[in-house]
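Model the full assembly from the supplied sequences, consistent with the hints where possible.
Protein chains in written order, with full-length UniProt numbering: chain A, 1 to 346; chain B, 1 to 229.
Simulated from the structure, these hints should not be mistaken for lab results.
Source: prediction; values computed, not measured.
Mixed in with the good hints there might be a few duds.
Stated by the list, open to error - In silico negatives: residues of chain A with every beta carbon more than 10 Å from chain B:
1) Ala110
2) Lys150
3) Phe203
4) Phe206
5) Asn212
6) His244
7) Gly272
8) Ala341
9) Met343
Said to hold, decoys possible - Using 27 Å as the maximum straight-line C-alpha spacing, the simulated DSS-like pairs for lysine-lysine come out as follows:
10) B/Lys131 with A/Lys109
11) B/Lys131 with B/Lys204
12) B/Lys63 with B/Lys51
13) B/Lys131 with A/Lys104
To be verified - Here are a few chain B residues that face chain A, going by a calculated C-beta distance under 8 Å:
14) Glu114
15) Val117
16) Ile118
17) Leu128
18) Asn202
19) Trp220
20) Thr224
Backbone N, C-alpha and C fix where the C-beta goes; we use that ideal spot for every residue, glycine too.
Each chain is listed here by its residues.
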Amino acid sequence: QRRERKMSASEGNKNTEPWGGFDDNLIQGTGSAVIDMENMDDTSGSSFEDMGEMHQRMKEEEEVTAEAAATEEDNGNDGEFLGMKGLKGQLGRQVADEVWQAGKRQASKAFNLYANIDILRPYFDVEPVQVRNRLIESMIPIRMINFPQKIAGELYGPLMLVFTLVAILLHGMKTSGTVIREGTLMGTAIGTCFGYWLGVSSFIYFLAYLCNAQITMLQMLSLLGYGLFSHCLILFITYNVHFHSLFYILWLVIGGLSTLRMVAVLISRTVGQTPRLILCGTIAALHMLFLLYLHFAYHKIIEGILDTLEGPNAPPIQRVARDLPSIVNVVNATVKSLAAAAMNSQ
Amino acid sequence: MAEVDEPGKPLFAGLSDVSISEDIPVEGDISVPVGSQNVDDVFSTLDEPVKDTILRDLRAVGKKFIHVMYPKQSSALLRDWDLWGPLLLCVTLALMLQGGSADSKEDGGPQFAEVFVIIWFGSVIITLNSKLLGGTISFFQSLCVLGYCILPLTVAMVVCRLVLLGFTGTISFIIRLIVVTASFSWSVFASTAFLADSQPANRKALVVYPIFLFYFVIGWMVLTFSPSQ
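So this is what it looks like as C-alpha cells:
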C-alpha cells in the first residue's frame, strides 16, 4: 500500500496547471532527476528506507537459500528428506526467481527515476490547431505592453521548428558546397541550431533574472523557439532564390516582425526603462545577427561564375552558391533576368 | 487420523520426525509443476544449426519487407519487432551514399557515420516525440517500423545510381526527382499506417510531421547524391 500511495501522490502533482503557470519550476521542472517520489509523502520517510527494506528482503532470501543448502548438506549424510530432495531444484529456482525479480524491480525503479520522460509529457500536450495559431502569432507583435502577456509553455512547436531549421540548413550547406573539415555537415547543423536555441535562451533567462523580469525558463525556450519560425521562412526562401536584396528586405520585414513580438512580450513582463532596454536590445541583436550568420556562413565567394549569370549589372562582391541542381538554376536565372529587365526599363 | 492406526505399527508415527530411515527404500518420481523448464527445452534455439537460425531471421525480415511494400493495417510488424532489417537497410543506404560528389580536394558527400547517425538519432527523436504525445507504442516497436520504412528510399537510391550511369543533365534530375518523391511519400504513408494508429485521433498531424521531416532529409540526401567522376 505504501507504494501505491506514493504513486498517487506524485501523479497528483503532475496534473496541475496545464497552462504552465508561474510556479512551473517549483512543481514540475526543478531537479527532474531528483523528483524522489518518496519525498512527496511525509510519512514515508526517505528512499533509504525502501533500499533498506529491499536489502533486508534479499538478505532473508539469501539466508533461506543458505539454510536450505546447509540442511541439504546435513541431511545428505543421513539420508535426505524426501521433500527437500525432490523439491530442491524448485526451491532453488524460486529463490533465484525472487532475486531476479527484486533486482529487476530495483533497476526499473532507478530507470524510471532518472530516465523518466513523463516529466516532459505536460509540455507536449498540444493540439495541431494550437501549434498553427502560435506559429502565426509569433509574427504578430502585440500592442498591449502594460499587461504581462501570456506565453504558452510548450516544447513541441519549438522543437519541431529547430529540427526544421536543421533540415533547411542542411539543404543550404549542401547546395553551397560547404566543406566541413573537422566534423560532419549534420553535426554542425544540429550543433548550431540547438546551441542557439538552448544557449541564447539560457543567456536571456539569466539576464531576465538579473533584470527582474517575470519569465520562466520554459517560457523563454518557447518564445525563442517560436521566433525561429521567421528564420525558417526566410532561409527556406533565400537558400533557393539567391537574390541579395530580397534577403535584406525579408530580413528586415519578417525578422523584424518576429523580433518585435518577442521584444513586446518581454517589455510587458519587465519593469523599469534600463532593464527593458538591456533585455530587449540583447534579444533583438542576437535574433537578427543569428539570421545574418546563417545566411552568410554557408555561402562561398565565387568570382568567375557571376559574370555569366548576371552580366554587367553585377555588384562587385556577390555570394552565390554553386553545384545547384538545374531546376534551381532555371529559377535563379528567371528571377535575375526579371530584375535586370526591371532595372533596364527604369 | 488417529483412527486408522494399524495394530503394532503406527502409520503416521514417523511424521513428527521428518527424516526417513534407510531401510525403507523410497523411489519413484515426483512431478513438480515447474512448467518453465520443459518449455525451455522445447523452444531452445541454441542447439539448432546456424543455417536454420539465419534462414529463420532472414525469412522474418523478408516478410516484414513485404509488409512495408504493401502497407495494410496489420500488426505483424509491431508484434514481432526486430532491428535486423533496419540495420541492413541503414548500412546499405550509407554505403551507397558514400563516395559522393565533387572534386578530389573536397568531400561533398555524406560520410557513412553521418547517414548512420541521422537515421538512428532521427528515429529515436521521433519515437520519443510520439511517446510524449501520448502514444501507446513501445520504443523498439517504433524504431523497427521507422527503420523498415526506409526500404522505399533505399530502392530509390539504387534506381538513382542506375539513372546516373545512364543519363545526365536535366533529364536525369527530373527522373531522379520523380523517383525520390514517390518513394519518400511511400515511406511516409507506410510508416504512418503503422504508427498513427497508436495516437489519439486529433494528434495524428503532430506525429506525422517529424516523420515527414525525417524521410525528407533522407530523401534529400538521396536526391543530391552525385557520384565522383
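Here is what the structure says about each hint:
The claim that A/Ala110 lies off the interface holds: its Cβ sits roughly 17 Å from the closest Cβ of chain B, which is beyond the 10 Å cut-off. Every beta carbon of chain B lies more than 10 Å from that of A/Lys150, the smallest distance being close to 21 Å; the non-interface claim holds. No Cβ of chain B comes within 10 Å of the Cβ of A/Phe203; the nearest lies about 25 Å off, and the non-interface call holds. Separation of A/Phe206 from chain B is adequate, the least Cβ-Cβ distance of about 27 Å exceeding the 10 Å criterion.
Once the 10 Å rule is applied to beta carbons, A/Asn212 is consistent with being away from chain B; the minimum gap is 33 Å. Every C-beta of chain B lies more than 10 Å from that of A/His244, the closest at about 24 Å, which supports listing it as non-interface. A/Gly272, annotated as away from the interface, keeps every beta carbon of chain B farther than 10 Å; the closest lies near 38 Å. Distance check for A/Ala341 against chain B: the nearest CB is about 24 Å away, which clears 10 Å, and the non-interface claim stands.
Interface exclusion of A/Met343 from chain B stands, the closest Cβ pair being 29 Å apart, more than 10 Å. Restraint check for B/Lys131 and A/Lys109: satisfied, since their Cα atoms lie roughly 19 Å apart, inside the 27 Å limit. Between B/Lys131 and B/Lys204 the CA atoms are separated by roughly 12 Å; this keeps the pair inside 27 Å, and the hint holds. For the given pair, B/Lys63 sits about 18 Å from B/Lys51 by alpha-carbon distance, which is consistent with the 27 Å threshold.
As the CA atoms of B/Lys131 and A/Lys104 are separated by approximately 23 Å, the hinted pair is consistent with the 27 Å bound. The interface hint given for B/Glu114 holds, since its Cβ lies 4 Å from the closest Cβ of chain A, which is under the 8 Å cut-off. Hint status for B/Val117 relative to chain A: holds, with the closest Cβ pair at about 7 Å, below 8 Å. Annotation: B/Ile118 was flagged as interfacial toward chain A, and the flag holds, the nearest CB pair being 6 Å apart, inside 8 Å.
Residue-level restraint check for B/Leu128 holds (minimum Cβ-Cβ distance to chain A is 6 Å; threshold 8 Å). At a threshold of 8 Å, the smallest CB-CB gap from B/Asn202 to chain A is about 6 Å, leaving the interface hint in force. The restraint placing B/Trp220 at the interface with chain A holds, with a minimum CB-CB distance near 6 Å, inside the 8 Å limit. At its closest, the beta carbon of B/Thr224 sits 6 Å from a beta carbon of chain A; the interface hint therefore holds under the 8 Å criterion.
When each numbered hint is compared with the structure, no violation occurs for any of them.
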